[in-house]
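S.K.: Take a look at the letters that make up each chain.
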Amino acid sequence: MLKLRDGIVELYKKVATSLPPDVEEALKTVFPGEAEGSAARSSISIILENIRIARETVRPVCQDTGVPVFFVRVPVGLSHMELQNTIIDATRIATEKVPLRPNAVDPVTETNSGDNTGAGFPVMYFEETSGSTLTIDLMLKGAGSENVGQIYKLPIGELNAQRDLDGVRKCVIDAVQKAQGKGCPPYIIGVGIGASKDQVTRLAKGQLMRKLNDTNKIPELAELESRTLNDLNELGIGTLGFGGGITALGVKIGVNHRHPASYFVDVSINCWATRRGRLIW
Amino acid sequence: MVKSVSLHAPLSAGDISALHAGDLVLLNGRIVTGRDRVHKYLVEKRPPKEEIPFDLSGTILYHCGPVMKKTDSGYKVVAAGPTTSIRVELYEADVISLYGLRGVMGKGGMGDNTLKALSEHGCVYFHSIGGAAAYLADRITNVLGVWKLDEFGSTEAMWHFEIKDFPAIVTMDAHGKTLHKEIEERSFSKLQELIKK
Chain A
0 MLKLRDGIVE LYKKVATSLP PDVEEALKTV FPGEAEGSAA RSSISIILEN IRIARETVRP
60 VCQDTGVPVF FVRVPVGLSH MELQNTIIDA TRIATEKVPL RPNAVDPVTE TNSGDNTGAG
120 FPVMYFEETS GSTLTIDLML KGAGSENVGQ IYKLPIGELN AQRDLDGVRK CVIDAVQKAQ
180 GKGCPPYIIG VGIGASKDQV TRLAKGQLMR KLNDTNKIPE LAELESRTLN DLNELGIGTL
240 GFGGGITALG VKIGVNHRHP ASYFVDVSIN CWATRRGRLI W
Chain B
0 MVKSVSLHAP LSAGDISALH AGDLVLLNGR IVTGRDRVHK YLVEKRPPKE EIPFDLSGTI
60 LYHCGPVMKK TDSGYKVVAA GPTTSIRVEL YEADVISLYG LRGVMGKGGM GDNTLKALSE
120 HGCVYFHSIG GAAAYLADRI TNVLGVWKLD EFGSTEAMWH FEIKDFPAIV TMDAHGKTLH
180 KEIEERSFSK LQELIKK
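First to last, the protein sequences are chains A and B. Per numbering that gives the first Met the number 0, the first sequence runs over residues 0 to 280. Per numbering that gives the first Met the number 0, the second sequence runs over residues 0 to 196.
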């Protein structure tokens, strides 16, 4: 477990200080599309330089190193509790070593634990797998973008959104229009559809772990993802909300079965500084 | 940045009235940071200026909770991008009028109360580059001091920084203009079109 702990510390360092290649590539493709001298173009060039500096100097890409969210797939026989303790130890070490910004605040005493650990902090989801490899996915979820996420309950009259996939599209457009530049666009959007609020929120978060070029296996959802992305880019919000042609880089949608009476849609928004990575053990 | 205006804080009333929404600027001089806890404290407790170890008049209040590292020779800035400004909307107009700020800097823009205070007191909103924390930290050339470090912690404390060629965009000016409102209205009309499809 000690070696694994050090592996998780390294994962923290990699995720905090470098952007996944697919996200960096997507940002590079935005740049030539924005008008010469525009605020959007100037800021994209600074963003790209920031990504390079952060990687080269091994410093956090963004000062908000976020809420660490772990999705862990565990082979049969490995203790979830031991893994949980190992992740917590690694979090303490990484906070000091990377460094990460201490972000865990007790709402009762308003004190910051100082090491990114506390009740429900970091967030950890465990799932047993039949294989023999332990897979640890980590996302550092910034609060600016987390704060602009929304949960919807279809139907919604004012959005003309019915209980169908087109209603889902309308929820996503509404969430991004309301977010404007507050969560650092261009955004990556994760959507979860299903029967209960807690479940769709987790599902939406999980979608943010998918690579941008990952095509949904369900053809209807693949089409919805691509249509919704096009619609978002018609909003004109642009990089950091300065106006421009690219407001989002990807939309990823996951579904669970829903109750006949319920149609929940969670829209989880991630910033351009989407930080995710994987450790295979 | 293209065609940027260089400014030096503390800023004068003249500096401010010459700025218009859409201007790209490079900021220099002395600024302070402050986010949720600093704003709440300043408005609820109204500490007299003498209690604050730095002169806030004419300066820029940067909405930022930096990653700092303590070294033998003092504090070093590791990462220092802007945080979402709208969270302090409730307080900002009072902070501007009580302490004589000439600039507020953050990301995402602010609301009507702040916009009104900008016109009334000769102040502007500088939009920094969200997420560009390493790039911006490199434009902080000196950590001059800190206030409320023990009480608020390093993220929420008020840091006094010297900056050089720190890029920003004026998105809300002292003449009542805000780029955020324009973009919001345009995107809302587009939303109406898209949900009819």
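Please keep in mind that the hints were generated in silico from the structure rather than gathered at the bench. Hints may contain errors.
[Said to hold, decoys possible] Beta-carbon label-pair distances, calculated as ranges: (1) A/K177 <-> B/G21: 20 to 30 Å; (2) B/S118 <-> A/N146: 52 to 62 Å; (3) A/L1 <-> B/N141: 33 to 43 Å; (4) B/K163 <-> A/K177: 45 to 55 Å; (5) B/Y74 <-> A/Q161: 52 to 62 Å; (6) B/E88 <-> A/T28: 27 to 37 Å; (7) A/K96 <-> B/S118: 40 to 50 Å; (8) B/V42 <-> A/H79: 42 to 52 Å; (9) B/D111 <-> A/G130: 23 to 33 Å; (10) A/K96 <-> B/G144: 25 to 35 Å; (11) B/K69 <-> A/N146: 26 to 36 Å; (12) B/H19 <-> A/H79: 53 to 63 Å; (13) B/L148 <-> A/D213: 36 to 46 Å.
[To be verified] Partial chain B-side listing against chain A, Cβ under 8 Å, derived: (14) V4; (15) A17; (16) G64; (17) P65; (18) K69; (19) V77; (20) K106; (21) G107.
[Said to hold, decoys possible] Far from chain B by the CB rule (all over 10 Å, computed), these chain A residues: (22) E9; (23) S41; (24) I52; (25) V60; (26) V75; (27) E81; (28) F120; (29) A142; (30) I150; (31) L153; (32) K210; (33) L234; (34) I236; (35) G237; (36) I279.
Positions of the beta carbon are idealized from the N, C-alpha and C atoms, including for glycine.
S.K.: Are the hints correct? Go through all of them and say.
M.R.: Status of each hint after checking the structure:
Our hint of 20 to 30 Å for A/K177 and B/G21 holds, since their Cβ atoms are close to 24 Å apart. At about 28 Å, the CB distance of B/S118 to A/N146 disagrees with the hint of 52 to 62 Å. Range check, A/L1 to B/N141: about 41 Å between beta-carbon atoms, so the 33 to 43 Å window is met. Between B/K163 and A/K177 the Cβ separation comes to about 36 Å, which falls outside the hinted range of 45 to 55 Å.
Take B/Y74 and A/Q161: their Cβ atoms lie about 55 Å apart, and the range 52 to 62 Å holds. Distance hint check for B/E88 and A/T28: the Cβ-Cβ separation is about 35 Å, which falls inside the suggested range of 27 to 37 Å. Distance hint check: the CB atoms of A/K96 and B/S118 are about 47 Å apart, consistent with the given range 40 to 50 Å. Hint check: B/V42 to A/H79, Cβ distance near 46 Å, so the stated range 42 to 52 Å holds.
For the pair B/D111 and A/G130, the beta carbons lie near 56 Å from each other, so the given range of 23 to 33 Å is not met. With their beta carbons about 27 Å apart, A/K96 and B/G144 fall inside the hinted range of 25 to 35 Å. At roughly 29 Å, the beta carbons of B/K69 and A/N146 sit within the given window of 26 to 36 Å. The supplied range of 53 to 63 Å is met by B/H19 and A/H79, whose beta-carbon atoms lie about 58 Å from each other.
Our hint of 36 to 46 Å for B/L148 and A/D213 holds, since their Cβ atoms are close to 44 Å apart. Violation of the interface hint for B/V4 is found here, the shortest Cβ-Cβ separation to chain A being roughly 13 Å, above the 8 Å cut-off. Interface hint at B/A17: violated, since its Cβ lies 18 Å from the closest Cβ of chain A, which is beyond the 8 Å cut-off. Nearest Cβ of chain A to the Cβ of B/G64: about 7 Å, under the 8 Å cut. The hint holds.
Taking 8 Å as the C-beta cut-off, the interface hint given for B/P65 holds, the closest approach to chain A being about 5 Å. Checking B/K69 against chain A: minimum C-beta separation of about 10 Å lies over 8 Å; hint violated. A hinted interface residue such as B/V77 counts as satisfied when its beta carbon comes closer than 8 Å to some beta carbon of chain A; here the least separation is about 6 Å, so the hint holds. With a cut of 8 Å, the hint placing B/K106 at the interface with chain A holds, because the nearest CB-to-CB distance is about 7 Å.
The closest approach between the C-beta of B/G107 and any C-beta of chain A is roughly 4 Å, which is under the 8 Å cut-off, so the hint is satisfied. No Cβ of chain B approaches the Cβ of A/E9 within 10 Å, the least distance being about 18 Å, so the stated non-interface status holds. Interface exclusion of A/S41 from chain B breaks down, the closest Cβ pair being 5 Å apart, not more than 10 Å. Distance check for A/I52 against chain B: the nearest CB is about 5 Å away, which does not clear 10 Å, and the non-interface claim fails.
With a least CB separation of 7 Å from chain B, A/V60 falls inside the 10 Å interface cut-off, contrary to its annotation. For A/V75, the shortest C-beta to C-beta distance to chain B comes to about 39 Å, beyond the 10 Å cut-off, and the non-interface label holds. At the 10 Å boundary, the C-beta of A/E81 stays outside the reach of chain B, the nearest C-beta of that chain being 30 Å off. Every beta carbon of chain B lies more than 10 Å from that of A/F120, the smallest distance being close to 15 Å; the non-interface claim holds.
Against the 10 Å criterion, A/A142 falls within the reach of chain B, whose nearest CB is about 8 Å from its own CB. For A/I150, the non-interface assignment is confirmed: its Cβ lies about 18 Å from the closest Cβ of chain B, beyond the 10 Å cut-off. For A/L153, the shortest C-beta to C-beta distance to chain B comes to about 13 Å, beyond the 10 Å cut-off, and the non-interface label holds. Residue-level check passed: A/K210 sits 20 Å from the nearest beta carbon of chain B, beyond 10 Å.
For A/L234, the condition that its CB be more than 10 Å from all CB atoms of chain B is violated, with the nearest at approximately 4 Å. The beta carbon of A/I236 is not kept farther than 10 Å from every beta carbon of chain B, the shortest such distance being approximately 5 Å. Residue placement check: A/G237 does not keep its beta carbon more than 10 Å from all beta carbons of chain B (closest about 8 Å). Interface exclusion of A/I279 from chain B stands, the closest Cβ pair being 28 Å apart, more than 10 Å.
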